[in-house]
Structure formats: C-alpha cells, structure tokens
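Single-letter residue listing:
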Amino acid sequence: MSEREKTQFLRRVLCLGVVQFFLILILVGRLYVFQILESHHYHFLAEGNRMATRPIFPPRGQIYDRNGIPLAQNTPSFRLVLLTTRKDKVQEVLDIMSKFIYFPAPEKQEILKAIQKKRGLDSVIIKDGLTWSQVSVLELHSAELPGVSIEVGSVRTYPESSHGANLLGYVSSPSEQEQALESMLTLPGIKVGKGGLEKYFESRLRGKAGYKAFEVNARRKVVRELHQTPPLAGEPIHTTLDARLQAYVQNCLDLHKSASAVVLDIQTGDVLALASSPSFDPNLFPTGISHKNWDALRDNPYMPLTNKAISGLYPPGSTIKPFLALAALKAGIIDENTTIYCPGYVTIGNHKFHCMHAHGHINLEQALTHSCDVFFYEIGKRLGIDTMASLLQEFGLGSGGSEDFPYRRKGLVPTKHWKSEHKHAHWTVSDTIQASIGQGYMLATPLELALALARLVSGKKLLTRFEKGSTPSFSEMPYNNKHLDIIREGLNMTVNSPGSTAFSGRIPFEGMEMAGKTGTSQVRRITAAQRASGQTKTHSLGWECREHGLFIGYAPVHSPRFAIAVVVEHSSGSSTAVQTARDILIKAQLLEKEKSHDN
Amino acid sequence: MITEKVKKFTSLYHKVASLNWGIILLVLLISAMGWGLLTSAAGGDMGPWASKQMLRFCVGLVIMFAIALTNLRWWLQFSYIFYGISLLLLCGVEFLGFIGKGGQRWINLYILQLQPSELMKIALVLALARYFHSKPLPPSFSKLLIPFLLIIVPVLLVLRQPDLGTAMIFILMGGMLFFVAGVSLWGVFGVFVGTCISLPLLWTFLHEYQKKRILIFFDPGQDPLGAGYHITQSKIALGSGGLWGKGYMQGTQASLNFLPEKQTDFIFTLLCEEWGFIGGVFLIILYVFLILLSFRIVLTTLNTFGRFVAMGMTAIFSLYVIINIAMVMGLLPVVGIPLPLVSYGGTSLLTLLMGFGFLLNVGLHRTLKVPSASLGIL
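First to last, the protein sequences are chains Y and W. Heads up: the first sequence begins at 2 in the working numbering, then just goes up one per residue. Heads up: the second sequence begins at 1078 in the working numbering, then just goes up one per residue.
Take these hints with a grain of salt, some might be off.
Below, in silico cross-link-like pairs of lysine to aspartate or glutamate (EDC-like), each with a Cα-Cα straight-line distance of 20 angstroms or less [claimed, not checked]:
hint, chain 1, residue 1, chain 2, residue 2
1, W, K1446, Y, E490
2, W, K1446, Y, E468
3, W, K1212, Y, E404
4, Y, K200, Y, E468
5, Y, K258, Y, E4
6, W, K1220, Y, E595
7, Y, K200, Y, E236
8, Y, K200, Y, E404
9, Y, K293, Y, D129
10, W, K1212, Y, E6
Rather than coming from a laboratory, the hints here were simulated on the basis of the structure. Computed from a predicted model, the values in this text were never measured in an experiment.
I would like the entire structure built from these sequences, with the hints used as guidance.
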C-alpha cells in the first residue's frame, strides 16, 4: 500500500467517522427534543393511555317534609349494565335479553344509540329498577349474556307517590341540552331534577361526583386501582311541607276533575301544602318512564304534568274585591259607612255590566258578604286602573308568588301602560270595570292569591318559602290597621254571616272558624241572548265552558294561622271551592292541635 | 516438548493479554444493560428473555474469543468459501426455511435457529476485504463488477424473503467499504443513482405490510390506531420518559403493553422511558466509545485485509445503532433492525459477537504482514 493510498484510506475512514458522529449527534438532538422539550406533551399522552376513570355517584340528597317524613329518598335498586367494550355484541345481547324480560323496540334503539357514543371503560345502563324475578332470570342466563352484569345502584323513590307529585317534581336522565351545559351530566346513569322541588334545589341535592382512577393496559383491561376521589353527597333538604296535610289536600282535590290549592303559614310564609289535581306517580320517572305511560300523561286533557297551583293562570274574579276595598279605604274614596246604590247593573257606553242581584243601597261590608259587583265597579271607576294595579302588585299579584320556582308563572295585573304596549290600544272605562271584579285581562295563580291573602291578613310583607328555617321577620305593609280590620271583618262576615256567599261552607266549630272570599271567573261570556232567555248560570253548559270556582281564606279567624287559595276548574260556582277550603283548613288545624298535644 | 508447550502457553497468554480489553469491557457493559432492560420488559422476570439472552451471550463470547485468537491469514484464505456456504444457506432458506413473522428468514438447526442472512453479513465483509486486499487500490472501475455482484446477489436474496433491514445493511456496508477503498466519488455517485433507479423494482419485492410501514413512516398520523400505532406509542414512551425517566420497571408504556416489540426492536424506547434522556444518552455514549475503539483499530492496522475486515464490522455495528435508534424515534421506517447487543434475539447477537471477534483479531494482528501472494488455493 503506497503512502498516497494510505492517506486516502485514512481520510475516507475519518470522513465516514465524522459522518457517523454527526448522525449520532442528530439522534441525540432528536432525543433531546422528545424527552426534554416535548416531554410534557408526551407525558400527558402516556397518562391518558394508562389511566381510565370511572365516576362514583354522589348519593342525591333526600327531601323531607317539615316533620322529617321523607318525600324523596334513595332506594337500592338492581340495574342491568353492559360494558361498552363489548359494543360489537350489543344487538345480540339485547335480542337474547328480550327473551327473558320485556324489552320494547324503541328502548332498544335508544340503548344502541347511547352505546355508539361511549368509549373505553364506560358502561351503559340497559335497564334500571329490575324486579327480583327479573334479576334471578338474568342471573340464571348470565352465561349467554357476555359483557352484561347486574349492579346494585340506587333509584329515587317517592314514598308519598302522587301526593304532591307536581310540587316535588321527579328525577330523570338529563336532556342533551342540559348535558351540553354541564359536563357532570354526561356521566352515565346520572339523574337530574325535572321540575318542582327536585329542580328547585337541584344544585344542593346533587352533590359532587367522585372518581376512581384505574390503570389499564393496552387492551383497556384494568390492571389496578390507582386512587379515588370520594363523592360529595348531596345535601338533605328539609322542606316546609306537611306531608300529612299535603296528602289530605291532594285527596280533597282529587274529588274534582281539575283543581289546585295552596296552604300557607301566615306567620312564616311557609308553604305547608301545594297540590294540583290530577296528579301522577313520580316513581314512574327515575327508572325511565315507558312510552305508554308517558303518552297517557301527556295526552290527558286535565294536564296532570302541569302544577296548576303555580302555573295555572286564572281570572281571580271576586277574590280581588277585598284588596280593592282596602285601596278605596286608603285612598279615602269611601269609609266603612259609605253606601252605593246597586240597581243590578251599570251601563258604560252602550254595554250593560251586570250584578247578581239588585242589591239596592249597600255598604262595604255588605258589598263583600254579598259580593256586589256594582259596588266595586264604582270603586274601580273612582280609583282608576293604575292605583288598583299598584296595590295589587304590592300584595304580590303578578309576582309569581315565589322566587324562581321551576315552571312557576306570573299572573297579570293590567295597567294602562301594559295595554298600550301589548294590545296597542288605549285603556277604556269598561276595562277598568272588568278589572275591578278580577275579570278581563287580569290573571293570577293560586299561589299568588294565597300569598296576597296572607299579606292582607297579617299586614306584613310576607314571602313564601319552601325550605324550613327560623321564623323570619317581615316588614309591615303600609296600611292603616283600622282599614285592615274592616276588611278582615268583611272577610269574616263573608263566610260566617247567614245569607252570605260562603255561609254554607263555613267551619261550624268554635275557635276554628274561617274567613275568606269567594270568586268565580268566567271562562265564557254570557251572551245577551242567553241572559234574555233567563240563562245567567253556566251549570247547563259543557264542563269546559263552566266558570272556575275560587276561594281564598284563612283560619282561625281570631288568630290567623293558615291561609289558603283553592281553584276548582269549571265548577260553575264557588261553593265547591269553599267546601274544599273548609275541609283543608279543618284538617290543618286538627293537625296543628295534634302536634301541640304531642309536644 | 515441555518448552514447546510452555512457549505455546505463554504465547496464548500473551495474545489474550494484548487483546483490546476496552472493546470487550464495553461489549460486556452494553450487554449487561441489555439484560437489565430485558428483565424489566418481562415485568421483573428474568425468565422469558434475560436469562436466555445471557446464556446466548456466554456462547457468543466463547465464539468471539475463539475467533479473536485465530490466525487472520487463515480467515483470508477461508473467506470466499465462507461466503459461498453462506450464499448456499441463504438460497436454502427458500426451500428449508419456515414461515414466521411474515418472513422466511430462519433455518432450523435444532439447537439454535440460524439466520443465514446474519451469517452473510460476516461472510460479505470477509469476501469484500479479501477482494480489495488482492487488488491495487483504488480499484479501477471495471474491477468493481465482482464486489458489486458479491453485494447485490445476497441483497436480492434477502429482499425475496423479504428482509428490508438486512438488505439495507448489506448495501450501506458495501457502499462504505467501496468508499474507503478509494472508489472515485463518481463511482459512489453512480451506485447511488443506480440504487435510486432500482427503487421501484425494490418496491415490487415488498410485502403489503412493508409497503404500509414505509407509507406510514411518511405520515404516521394517517392511521394512528393501525399500522402507525407502533411508532406513535414509541414516541409517547420516549417523550414521557423526560430527563430522568420513570424509574426502572416503572415504564407505563412498556409494562402495560402499549409499546410493541419492547424486548426486540423497541428496547431503546423502553430504556428511554425508564431511564430518561440520561439513560438514553448514556447508552449512546457507550456505543460511541465502542465505535471509536473500533475505528482506532481500523486506522492503526497496517494490512489491507485487516483494515477492511475491521472497517466492515465497525460499519455493520454502527449502522445497527444508528438505524435502530432512528427507527424508534420515527426518523426511519420500521425495518426490523435490532439494537446491537441489547435487543432480545440469538442470531443477531451471535453475528455481532463474531464481528467483535474479528475486530479483536485484527487488533491483535495490526502489524501482521499479509502478503497478497499468500492467497493460496483461491
């Protein structure tokens, strides 16, 4: 080998060495980028690979009545669960399963849909609330059902069943809109309050989900449990309701086709009972209501799913008369001795507004006891709509009667401004005339009426509440006590003086007497032709054309404790409402006595 | 007689003592790291891989020493025969080999399974070294036909199996020997152009999965849960190791089976996941030292045959290192090249130890004069 060859050889070997060295340097550089610069990113990916979490549900808070009787509780239940890792087998499993337990086709479709969305460790609840016999049948055939297991979960139950279902609400799976707002609601099997107290107290009842973190291998099999965050249980809620009174109220209302009632504690504003009839069984919902049951509830013409006590809007009729009387006294338009002549009607323009009878010369107390319309037409005219409206609003009409209760609606107290804005028309005298007997545009919910009466009776600016607490103090209403006494005496006479509108429904037991005001609200005007043919009542008309019967009242007269509002739809006359209120107020007082006896 | 024996003994003792112990130590160190990693890959169990690998290493070590202490001249004479036998075995794979892992790469020799393509690596180095030894350097263009054929025949045979990685090693190692032989840069350029032209031809040799792997290499994201899965998971394991790693046997990607082939081709990833950047760089430094020591032998050897043998073995070793590490980091397609001395596998370990045997042998015979005239029968 010559020197030249040698140096060339050495040069080329060195050249190769240098190239290799640089290649290795590049590798180290790439390693540096992976392990130092981008390490965080890859660490995150590796953790995602190895970890899988499974939620642990917080037990939902229980709901109790004021005496500690459970209204909504959690009961252990058996549920059928399918692991989504066995997705491919779902159809097959469902088919086999429907041989053993009843499984309608639309439910199958929903499960298939739900499973497509899930990944990894998740499992899907196929059927909740299995009966013992279903559990044993499925256990027996478990070998034929791969990926299926029976888990013990908990299901919401309502021991009072249909008593106050509308007020209590129910829980059910969250809708897609709800899930979009809160990620916690995407957890499989979670239930949320769908109305009533369950929805009202949702955030406190729900609690916080815990998590179990698992280490899983590449085939998503659990290797070991890593750690867990325990769930935070939902808060128990002690409501103001009295379950026994609630049940009684419900039973009273269920005697009628469609009715609602509210009982308030005049001293505290506690809602003691609030019911709407017809009711439904809330226990149908937590495990998923069947299509058949749902259709039946939805298509029922008496609307069992609507809580009429808070979202039923009715013309308040004569029940607003005591408030107008108070407005008139305050305004100084009349005093307790002022009389107005009632010829049986008034004519405004070319329209006749009728009264029940020609009452002749009549004072305030008589006008209340006999519910003379002409007297109040006159007061209304003199007061003007806006003065009337501001007083009614002060008593809580048009306010909804409670803060933000789910699905509660606000009544309507019309004003001149309201009419021009919504009806694009000027307020007329005949509007005032109709408003002064609670007809026309005016609307109120039973809860608003009960609240208004409680404020009138107590003279305090009461607020309703659903959660039990210490006795609140309320500010005084800006009314003269003497004026309030006059009105209260009028309400007493309305029920307890012979010949008055509600005398037949009075409470005949000493010390338990009630006072109040009846009302009827026309659903359909009585035409001039009908009136001419002697038809001034609506008994003879079809049910849905008859007038609503209303009553607002309180008891006992001498130390008011319970305020009530009752609406019986299409009862053609108020006597049914009065009798219902009477029964409820007797029961409320008996329960109160029983309680003080126990103590 | 006795003095004869003593002489022989002292000369053997002298030989052993003057072996390049730096190389032997590094080989031992790297292999020992490999055993540790194999134990970790089996979840702390020596059973499935580490103990077997240690046993093979012992056998390999004996062979390495045996080769190191033989006479280099003998290998020069034997080199073409060795090449011929290897070529026959390689052809034999077509008929005797069994199908496994998508490639007919093995011949079952009952005791251990022999991969003729591995043997061929050694044989090719020896044959090329002998050829260049017997020709004046730099060789003229026409003299390159025979070494070109020496390379291309086994390349085509392993491609038929198809073993993309080995074909790559043959070509690159051959190219490197051509380069140091002083082939004009035009010649090297010509070989490069020729390779480029033959690429489409090469493509038709490939199996569907290999084509897929190469396509995936250019775009690993296109199928992250399918064929791109391996490389994606390997990157995650590498990256999540960080500076210090997750700790020995704490690699989640490896122990939970997210990392594929963690005991063979992807063992470097396992190392980097558990020992971090520090561990990865440590092993690379050991490799660099080993390569440097090898280069020193290449540069200090006086005879041409020895130089080319040493250069060829060094080339094979360093190509293994670079290709494997580049592969697990997604810089090259996954071609099935193990990490030398660390990856689990018998035949590649044997080849490498034989290679080091030759390196040590050359190192021992640095100053030996090997005249072209002593070519003997061939």
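Checked hints:
1. W/K1446 x Y/E490: Outside the cut-off at roughly 137 angstroms; violated.
2. W/K1446 x Y/E468: violated (106 angstroms)
3. W/K1212 x Y/E404: violated (104 angstroms)
4. Y/K200 x Y/E468: holds (13 angstroms)
5. Y/K258 x Y/E4: violated (119 angstroms)
6. W/K1220 x Y/E595: The given pair, whose Cα atoms are some 121 angstroms apart, is violated under the 20 angstroms limit.
7. Y/K200 x Y/E236: Distance of about 14 angstroms is within 20 angstroms: holds.
8. Y/K200 x Y/E404: holds (13 angstroms)
9. Y/K293 x Y/D129: Within the cut-off at roughly 17 angstroms; holds.
10. W/K1212 x Y/E6: holds (12 angstroms)
Of the numbered hints stated above, those contradicted by the structure are hints 1, 2, 3, 5 and 6, listed in ascending order.
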